Amino acid sequence: METYTWLRAFADSWHLLFMFCFFIGVFIYILRPGASKVHDETANMIFRNDDKPEGDDTGTRKGRHSEPKEAR
9 METYTWLRAF ADSWHLLFMF CFFIGVFIYI LRPGASKVHD ETANMIFRND
59 DKPEGDDTGT RKGRHSEPKE AR
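So the sequence shown is numbered by this note's numbering: it starts at 9 and just counts up by one.
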């Protein structure tokens, strides 16, 4: 039972302090100057090889739904 008590005291004090410092360090790392370019590139990575949808450049609606209907 002595080991459990020692580990519990360690987790309540020093490990809590370590986790708090780690959280603050990650937060500062994310907000560092110059990181926005990396984050923007990473956020838009999935759209890099997308092709433009067909018929997007016309701007007119075709087919049955050419006239929007009014909601009643």
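Mixed in with the good hints, there may be bad ones.
Computed beta-carbon distance windows for the label pairs [what the hints assert, rightly or not]:
no. : residue 1 : residue 2 : range
1   : 59        : 32        : 39 to 45 Å
2   : 16        : 36        : 37 to 43 Å
3   : 78        : 29        : 57 to 63 Å
4   : 58        : 13        : 31 to 37 Å
5   : 42        : 79        : 29 to 35 Å
6   : 28        : 51        : 37 to 43 Å
7   : 78        : 52        : 34 to 40 Å
8   : 10        : 46        : 33 to 39 Å
9   : 21        : 45        : 35 to 41 Å
10  : 25        : 79        : 57 to 63 Å
11  : 9         : 30        : 45 to 51 Å
12  : 22        : 56        : 43 to 49 Å
13  : 45        : 10        : 32 to 38 Å
If you're looking for bench data, these hints aren't it; they were derived computationally from the structure.
Here the structure is a predicted model, which is why all the values come from computation and not from measurement.
Using N, Cα and C, we set each Cβ at its ideal position, and we do this for glycine too.
Hint numbers contradicted by this structure: Violated: hints 2, 4, 5, 6, 8, 11, 13.
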